[in-house]
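Top line first, the protein sequences correspond to chains Z and W. Just so you know, we're using this note's numbering here: the first sequence kicks off at 1 and counts up by one. Just so you know, we're using this note's numbering here: the second sequence kicks off at 1 and counts up by one.
Derived Cβ-Cβ restraints for the label pairs, each shown as a range: (1) W:Glu94 / Z:Thr204: 25 to 33 Å; (2) Z:Leu294 / W:Phe151: 39 to 47 Å; (3) W:Ile144 / Z:Val207: 37 to 45 Å; (4) W:Gly233 / Z:Ile156: 24 to 32 Å; (5) W:Lys141 / Z:Phe151: 39 to 47 Å; (6) W:Ile205 / Z:Phe371: 53 to 61 Å; (7) W:Ile162 / Z:Thr266: 27 to 35 Å; (8) Z:Ile267 / W:His241: 51 to 59 Å.
Covered, in the sense of this in silico footprint (three residues per stretch, anywhere, with C-beta under 8 Å from a C-beta of chain W), are these stretches of chain Z: (9) 158-171; (10) 448-458.
The set of hints was computed from the structure by calculation and includes no laboratory data. Model, not experiment: these values are computed from the prediction. A virtual CB, placed ideally from N, CA and C, is assigned to each residue, including glycine.
Residues per chain, in single letters:
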Amino acid sequence: MSGAAVVDTINTQDDPTQRAPLILGDRDLRAITEGVVQVLEAEKPPKIWYALFAVSLGFTSLLGLCIAYLFVTGTGVWGLNNPVNWGWAIVNFVWWVGIGHAGTLISAILYLFRQKWRTGINRAAEAMTIFAVICAGTFPGIHVGRIWVVFYMFPIPNQMDMWPQFRSPLLWDVFAVNTYFTVSLLFWYMGLIPDLATVRDRATTRVRQLAYGLFSLGWRGSNRQWHRYERAYLILAALATPLVLSVHSVVSFDFAVSQVPGWHTTIFPPYFVAGAIFSGFAMVVTLLAPARALFNLRDFITLRHLENMNKVILLTGSLVGLAYGTEFFIAWYSGNEVEAFAFNARAFGHYGWAYWIMISCNVISPQFFWFKWCRTNVPFMVVICIFVNIGMWFERFVIIITSLSADFTPAAWDYYSPTWVDVCTYLGSLGLFMTLFLLFCRFLPMIAISEVQGVHMAHQHHGHGHGDHAATEGTTA
Amino acid sequence: MSETDPTKDAEDTKPEEGETPAAEGSESKAEEPKAEEPKAEEPKAEEPKAEEPKAEEPKAEAPKAEAPKAEEPKAPAPVAAAKEAAPVAAEPLEHAGLLVEFETPDQLMQAAAKVRDAGFSDWDCHSPYPVHGLDKAMGIKPTILPWIAFFGGLTGCTVGFILQTYTNGPELPFSVYQSGNFLISEVLAPFLPSGYPFVTSGKPIVSTPANIPVMFELTILLSAFGAFFGMLGLNRLPRLHHPVFSSERFRRATSDRFFISIEASDPIYHRARAQAFCETLGGAAVEALEA
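Kindly produce the complete structure, drawing on both the sequences and the hints.
Shown next as structure tokens:
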């Protein structure tokens, strides 16, 4: 929209005497609305959108085919073998759930910390969360093998009087992931309601008016509604914060509660959560850096946003590095032979290659973000973030596969390699993720319009002042 | 306003309450701050009556439905009077209220305080984003939503505990069922622990620490349901139509304009006076709404 969008405005220099503007381009309310909805009001999306969508849809079909093949034939089509009963499916599950965490962190935790810059990216990040959790949920669902008895996972009364084992972390996982998905969806949808109403009110065709009208639930921006809405938003943020920390902790319990050397450690919950946020932010940058260019949203998702996210990546990446170090230290310091062997085998055994890919991607690559140039150069940061995503996938691979392939009994050891079905299912899940994300970009407001307007106006009019001052001004002036 | 006497009492109160702000508005502006400051205190006392406590309950729909009918017979006379006073007012099919448009949030805030002081209760401000400070300017009481979320959470936690104890709990000894106690064998039987007692790692059958994750997740889940659906319920959403949507102008309320709407169902609403009052609010336009 704005002419300044072709070249990135550098807004990453800090002047401590004044607040950095949250959005660029000197926009008023109308210009903010238009800057966001132009993406979905454009007659046609950019040509590359079609190309990407076609490719993504192709991979999604691949996912469908692989799953169908799996159901018809059985889990034997995967590379699972006797010690390694959890293969790529669980690796992918943990990886995808982790990616989702950044969205909730941005939308809930940064909200509680009053980080106003989050308004530029929270909508897209939350959407990413939901799509990532959909991809994640697919894997354990199809991993059960006999899909027709998948309802055993849920406490549903049945003719055998059989109930789930509530002391199993796998069951906690069912509850954690389902709750996480539901709450994220509610939170995201609630944020969308006022913006859908904006699109409804600007609609020029009957179809749009009906479709957006239906989903905006008759929202009319009334202050009595806003009052309860904001309270609900705060409550959901306060609920989502412990939830997001619990979800990956529960996922890590799947491993930590078992006896397998390399899994049975107390560091797992914080280590998994840090890794989740790390990979999630990397995915947000990977998606939003091209999306902001493609859809002309550089004024809303500014370089400053990207830089802030890169700082989070640096922090969480370093935490993950620290966790790797701690694991090794404990393996040695505990004096437990099996544990020491497991970690030695991780770094220098048959899967050493995977371990060193993980170390170079996760520990070394984010360290570039100490330098401002690296944090603010868009192509460079995207490359780093893709490395981080690869590294985090390998982290899950290393934890799951190396630990299982060589446990207490040497006679049971075996090397695991994936089959083409494993690979295609994984690629297919990436396709599903991209398909959903592209549809989101095209049909829903990618930026939280009302939130950006709110923080922008508060920032413009009252400087550092508070709403309450404005109220007294209002009644007495 | 109390709900029992929207028609009769309203008649009496209208002249005083409706006229004062209108009269003030027409006077010199220098007097306004003085005149309004004492009123800024009043609403605190008025609030409970004027606002939320009942609006939170579904009951509030009832007077809305009744009031317009009660107003209708009176309407023709004021309409005639309103015509001279209000050039904007068209002849709507069924009058549902008035809409005032503002260009900035500050104008909205000032006008909101005036409407509040005039004693209206069925009115609202509309803005594209939540304008902070407006709650105070409108005299809105804090919502009961946190309580709904809290009890949702409490329910979730309890359900989580009972579910796990019930399903993984031990069955009662067979002799208890056979004891001939009608209450146990016939009434309570379906609700007593049905038993899938599955001992792992030598832990007790009912091992609360292991039950905490599920209890926690259900607490969060049901609180979130309480917050989300409670918000929708208290806001009376989803809703297919509302009189404000009859205005073409109102389409900008979700984008870049600010509005005050006063509904005809308000107990002290009198069309001509309300119209005159709205003219004094300093908005960019005043429009009549159709039902």
